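Start from the sequences, fold in the hints, and give me the full structure.
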Amino acid sequence: MIPLPRSLRPFPSLAVILLFLAVVGCSPAPSGRFAGYVEAEYVRVGGPLAGALARLDVARGDTVAVGSPLFALESAQEAAARAEAESRLVRARAELADLEKAGRPAEVAAARAQLDQAKAVLVEAENDLERTQRLFATNVAPASQLETATATRDARRARVAELEAQLELIRMPARADRVRAARAGAKAAADVLDQAQWRLDQKTQRAPAAARVVDTLFEPGEWVPAGAPVVTLLPPANVKVRFFVPEPALAGLHVGDPVTIHLDGGDPVAAAVTFIAPDAEFTPPVLYTRENRAMLVFLVEARPNAFVAGLHPGLPVEVAPGAGAHAAR
216 MIPLPRSLRP FPSLAVILLF LAVVGCSPAP SGRFAGYVEA EYVRVGGPLA
266 GALARLDVAR GDTVAVGSPL FALESAQEAA ARAEAESRLV RARAELADLE
316 KAGRPAEVAA ARAQLDQAKA VLVEAENDLE RTQRLFATNV APASQLETAT
366 ATRDARRARV AELEAQLELI RMPARADRVR AARAGAKAAA DVLDQAQWRL
416 DQKTQRAPAA ARVVDTLFEP GEWVPAGAPV VTLLPPANVK VRFFVPEPAL
466 AGLHVGDPVT IHLDGGDPVA AAVTFIAPDA EFTPPVLYTR ENRAMLVFLV
516 EARPNAFVAG LHPGLPVEVA PGAGAHAAR
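Under the working numbering, the residues of the sequence shown are numbered 216 to 544, in order.
None of these hints come from the bench; they were simulated from the model. The reader is advised that the hints may include incorrect statements.
Distance ranges between label pairs, derived from CB positions [claimed, not checked]:
| hint | residue 1 | residue 2 | range |
| --- | --- | --- | --- |
| 1 | Pro357 | Val336 | 17 to 25 Å |
| 2 | Lys316 | Thr419 | 50 to 58 Å |
| 3 | Ser302 | Ala399 | 16 to 24 Å |
Being a predicted model, the structure only gives us computed values, none of them experimental. Note that CB positions come from ideal geometry on N, CA and C, so glycine has one too.
Below, the structure is given as structure tokens:
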């Protein structure tokens, strides 16, 4: 799954700020509450590869668990590429194994049989030479016959030595440089298979967290560009409250402080401050008198301590500093 940006609503416009100031009277209400609204950070799930939407596994309003399938793009080409890469890897590993081991038993047996035959021929040549030497010593055989018998014996010895070397070579594995090259080829084939598997996996996207399906943006059969989100999710932990604190009350509020969220017709919700804007949302073009400083409001964010089903994005709320809320349900 590709990294996905979180949706953050822009800071309120001047008109919105003025509306808040009109509501809260440029200072906390008599109840000590600050006006705000529920905001959400959506997770838009897409894929890094393009393709036609083959399957949509969720619908708007569904609740999904982490790892649940969301959608799948057509993947025939990626599946074929993976199968080809797997075949190439099998072949590369077989060639490497063949080079790393000694000769096959059949090759060794054939070489040994040739060597045994050559040794038997050598014994005959040596016996013939001995007879020729005795005949030559008694002047029965001419010198030419002795020379021929000696040359034959030497040729048979050379043949035996040659076959012994061949048998030793068959028993040995391939040269080290060929083995290294084969290992590198097998490693490259494994890397290609990993890439093919990754591309195939990216055609099916799963939920990165337990969440509610807010929207689906494509229908099966439609072409989905690379990187385009297909499903919009809202994990419970991504719900927060934004409220606005006048400048005189800002000094008593810090990140981590407990606050209480009040809903219309709902139980209070325990939350904690997670962010305080460093800059004011509205600055009037007048001197900062004690009265005018109350017109400066700062954006503050707080997250509930537990999931609350009634906190819908866009819902207006009131936030009071301090604890005292009921347990979130």
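Problem - Pairwise beta carbon distance, Lys316 to Thr419, judged against the given window 50 to 58 Å - result: 40 Å, violated
Handout entry: Ala399 and Ser302 - C-beta distance against the hinted 16 to 24 Å
Key = Given about 19 Å between the Cβ atoms, the range holds.
Exercise for the section: Look at the Cβ atoms of Pro357 and Val336 and judge whether their distance stays inside 17 to 25 Å. Expected result: 24 Å, holds
Checked against the numbered hints listed earlier, the structure breaks hint 2 alone; every other hint is satisfied.
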